[in-house]
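Enquirer: Take a look at the letters that make up each chain.
Number of protein chains: 4
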Amino acid sequence: MNLRTDLAVERHELVGSGDIDGVELNKYDDGGVTVTQIRVLNENGSRSLGKPKGTYITVDVTPFSKASDLFSHQLTVLAKNIKKLLPEGSGTVLVAGLGNKSITSDALGPMAAELIFSTRHIGAELRKSIGMENIRSVAGIVPGVLGKTGIETGEIIESVVKKIQPCAVIAIDALASRRLERLGTTVQMASSGVVPGSGVGNARSRIDEQTLGVPVISIGVPTVVDAATLASDLIEQAGYASDAAAFQKLLKPIGEQIMVTPKEIDLMIERASQLVAMGINCALQPELDPKDILAIVS
Amino acid sequence: MNLRTDLAVERHELVGSGDIDGVELNKYDDGGVTVTQIRVLNENGSRSLGKPKGTYITVDVTPFSKASDLFSHQLTVLAKNIKKLLPEGSGTVLVAGLGNKSITSDALGPMAAELIFSTRHIGAELRKSIGMENIRSVAGIVPGVLGKTGIETGEIIESVVKKIQPCAVIAIDALASRRLERLGTTVQMASSGVVPGSGVGNARSRIDEQTLGVPVISIGVPTVVDAATLASDLIEQAGYASDAAAFQKLLKPIGEQIMVTPKEIDLMIERASQLVAMGINCALQPELDPKDILAIVS
Amino acid sequence: MNLRTDLAVERHELVGSGDIDGVELNKYDDGGVTVTQIRVLNENGSRSLGKPKGTYITVDVTPFSKASDLFSHQLTVLAKNIKKLLPEGSGTVLVAGLGNKSITSDALGPMAAELIFSTRHIGAELRKSIGMENIRSVAGIVPGVLGKTGIETGEIIESVVKKIQPCAVIAIDALASRRLERLGTTVQMASSGVVPGSGVGNARSRIDEQTLGVPVISIGVPTVVDAATLASDLIEQAGYASDAAAFQKLLKPIGEQIMVTPKEIDLMIERASQLVAMGINCALQPELDPKDILAIVS
Amino acid sequence: MNLRTDLAVERHELVGSGDIDGVELNKYDDGGVTVTQIRVLNENGSRSLGKPKGTYITVDVTPFSKASDLFSHQLTVLAKNIKKLLPEGSGTVLVAGLGNKSITSDALGPMAAELIFSTRHIGAELRKSIGMENIRSVAGIVPGVLGKTGIETGEIIESVVKKIQPCAVIAIDALASRRLERLGTTVQMASSGVVPGSGVGNARSRIDEQTLGVPVISIGVPTVVDAATLASDLIEQAGYASDAAAFQKLLKPIGEQIMVTPKEIDLMIERASQLVAMGINCALQPELDPKDILAIVS
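Residue numbers (our numbering), protein chains in the order written: chain A, 750 to 1047; chain B, 750 to 1047; chain C, 750 to 1047; chain D, 750 to 1047.
If we strip away everything but chain A, and leave its shape as in the complex, we get (with noise of 0.2 Å):
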């Protein structure tokens, strides 16, 4: 079985309903929003799920969140979460915004980006000036990706994180998910770190805590679905959850290479790019009101 997607939560429903070795799931609600914890603790639970161990957290988001459902609890239940997966202290945090921006549906890394609230220029005085002496230091860059720049995202991130000697990395990448429903819906923060690319099916190699030294914490949403994923996930849909199995065999030759997303894409990508830079500024800078901020970056 290998359905196509990003999401541990999704490789953990495909393995099945069980207990599965060297994996803890713990879903909950939070104030009415949905979040899933999942921890994959060693190999064994490592080969299960397909993904590398450490801590994926899930928080489910209202569709095409409107304008003004950005300042409601779900973003507090992002921000803290964010939280829960960086390094204590309070170093500088570097921001990556991974993925090609002329493609809308590759387009949230870059476009997230845009809207992360960068300090780590404004000097001791400013901050003072500004009433703002306890900001924390914060960078952002946007990589680009290989095919336009002619360097793999990885090594640009290398360079810099070289330079600056950040605490942490968050890589913000736009992920495919095997349901149509997902696109949009969900934010998926994990302490694994990102494979650029992965999403849209061109994987580069991994950039981690291995790699970069540093702590790499990866947010991402779901954009896009293969054509063969969705088909016989809405075969399962439909109540054939056996001939979804046989369906997707047959159709993957066909339909992998195919990647879809929705008509909306458009918005999507506005909305979600918004919740998640709004949810990093906020677990990075506690002390300041979100309105303020989103004020300063927009």
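One or more hints might be untrue.
Copies of the same chain look alike in the list, so a pair counts if it fits in one copy or across any two.
Okay, derived cross-link-like pairs now, DSSO-like style, lysine-lysine, Cα gap no bigger than 30 Å in a straight line [to be verified]: (1) K911 with K897; (2) K912 with K833; (3) K897 with K832; (4) K1040 with K897; (5) K912 with K897; (6) K1040 with K829; (7) K897 with K829; (8) K832 with K776.
Treat the hints as calculated values from the structure; they're not laboratory data.
Start from chain A and add chains B, C and D according to the hints.
Expert: Showing chains B, C and D alone in chain A's frame:
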């Protein structure tokens, strides 16, 4: 059988491989470019195909046609077939770019309209001084969508037709296909007018010769496919044609409202808009060099 | 003295500080917001000011108003003054966004029109179900520019007015100012209609009550200044008023055709469009919360 | 005399018409294209011109060069002069597009970088299979601006240079001119590096061979002019050179912080970006057909 498609050629496939009363199909090669002309001759044919009487011409184009492919033979074929559908004479032609420019998959009409060479306002003297005495009078509008304007697309076009009295209207709109591989690779031209929004699931009242009083040629490129159609189509391609029909029925309630589009939709729409606009420009200004027209409009 | 400006308040300054026959000026503070109302009462006043008879209201707004400033008292002042210029009654209002969306300094109209809450198509039942029984009927169009469409802006508006029979037209357009510091900081509303393209140097025939048969309220923000006017204006500000007049004459042939705009024009237009659109929305839907309207249109 | 300009050729004009010690000027016609080469030879010349030692080449290009003008002789002249400034050898060249892509007048660098043909990642086998064995290794980055990223442009470029070890850096940036007519009509190439943001008034520390360890060629096009400079320049053009100097002093405090740009800035930047990018592409890949390169990158 109720697969979601705006293409006459797909409707024809669905009805079967034999002859259909009241329908004439003629598929041929034009210098390496495949052209399919379907004529719906009477009510009987109209019922069988679920399309109004008229001529439907489909031209297969290279997928995601490269900028370098723009001036190849397929452009000549497009222009030639658009000319076939236009009435005799040399009156003003009004080109209307239908659809919502904020949704990439629906932006074909507005984007192509931007590249139409409008000439109606160029006076005789100016025409002479720029060496274009014989250019045809062309006007172009982008009426917007009902949800944004509060006015039916048909109302706006009808108003402008009354004012400027064109001899024909060309309406450009994004279409729905039942096959992923047709997205961005097929141009359909038809003499039977257009129903705004039908491709994206919000059909409004028909814009045609009956409602406007002048011939209405529609030109479109499929950009979306509904999820249920996609699934059953993949199943059929996998060699399970009979199951496809069954699953199509099963999936309808789930997938019908969900239109999907390829993840490379941005590039696809950009290239398709350019091809459609240049096809129209060349059909209307046969004496000008296509490259000169492109330099004027871009 | 022929300085290039679309602002009645600047024309008035140029004529001098004394009383002008046929012109009434009333400048006052409305809760911290400066409002200047000029009434051109007769032919004499019209000749002196070089503006048609009518009421011209100028509201000074915060420069590059922050997103956070959008819902301040200046929005209330804008809405109140737009209402003053609208005819009594509750008929449909047609809002037209004039100008060329591809030239940032001329894109005020099209960008503001995108944010107008159009309601004409919302039926009685739907209004009831969304709790908006009493919303006013509003329609919005973006007619484009003659060079792109081949159709005069006035022709398109006239056509649509005939079809949908509004009780008034509101035309939004970018303006020219003689002072750099007015760019983006002044909103002018007038009862005398609009000449499309006058702000950017391609004046077309007037769109007003005489040509359309219904009142035409124009709303604009200055976004450009001509280079000669800018130079003489700076000279005057430097304390050399007499030289300014002399230099203005000298510079005219050089600088007249060159309109300049601040380098931050992108942000200025974005903010000004939002302010103007929300001013109109609030004037037309006084029962709705401005923040709810913004959430609907954005 | 402290007029705001980034062009060596304008600095030279300001110093006067005679010979300047330590400065060599050579103006010539290359097939109808005017080229001016200024060499700043020593400290004395550097002080006189207010520019670091190095070679500054200015090529005059057609204003708002039409798409149809892109492949004319001026492209050959640009490529030839860029080659002159590049070091011998065939190592990787890193092209950096400086500036803020959200401010049109500052977007030259990011927009041109989008059109650079990056090849560093194309392996030997792929090169062979596409018939491009001999292409030079090129990488391209868009470092963003300090206010958005929290990281100095120079820090990012330095980091990437350390990682990928190019033999030279080409930095593209928008410039300031003292003359309106130079906006969009001049390309300056220099061997002395670049100060990010100098054109738009936020100068940062220099990026040059001394700071990076490899030659830094800067390429720019003037896109803005400061208001005071514009005014005194118009006065001078009107034949009042002596007053110009006086007024320049008077106007400085008023107009210095205000940079203006032509209202057609959108089109100007689009065309200038394309010209600069293609000039670089042709200089780096002399064996490829320019039209083939454009088809690859666009």
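Enquirer: For each hint, tell me whether it holds in the structure or not.
Expert: Evaluation of the provided hints:
In the homo-oligomer, the alpha carbons of K911 and K897 lie at most 30 Å apart both inside one protomer (23 Å) and across protomers (20 Å), since each shortest distance falls under that limit. Taking the shortest Cα distances, K912 and K833 sit within 30 Å of each other inside one copy (26 Å), while across copies they are farther apart (32 Å). For the homomeric pair K897 and K832, the shortest alpha-carbon distance between copies (22 Å) is at most 30 Å, but the shortest distance inside one copy (33 Å) is not. With identical chains, the CA atoms of K1040 and K897 are at most 30 Å apart between copies only, with a shortest distance of 18 Å across copies and 35 Å within one.
Taking the closest pair of Cα atoms, K912 and K897 come within 30 Å of each other both inside a single copy (23 Å) and across two copies (18 Å). Both within a single protomer and between protomers do K1040 and K829 lie at most 30 Å apart by alpha-carbon distance, with minima of 17 Å and 27 Å respectively. When the C-alpha separation of K897 and K829 is checked against a cutoff of 30 Å, the pair qualifies only between copies, where the shortest distance is 24 Å, while the shortest distance within a copy is 35 Å. In this assembly of identical chains, K832 and K776 lie within 30 Å of each other by CA distance solely inside one copy; the values are 18 Å within and 54 Å between copies.
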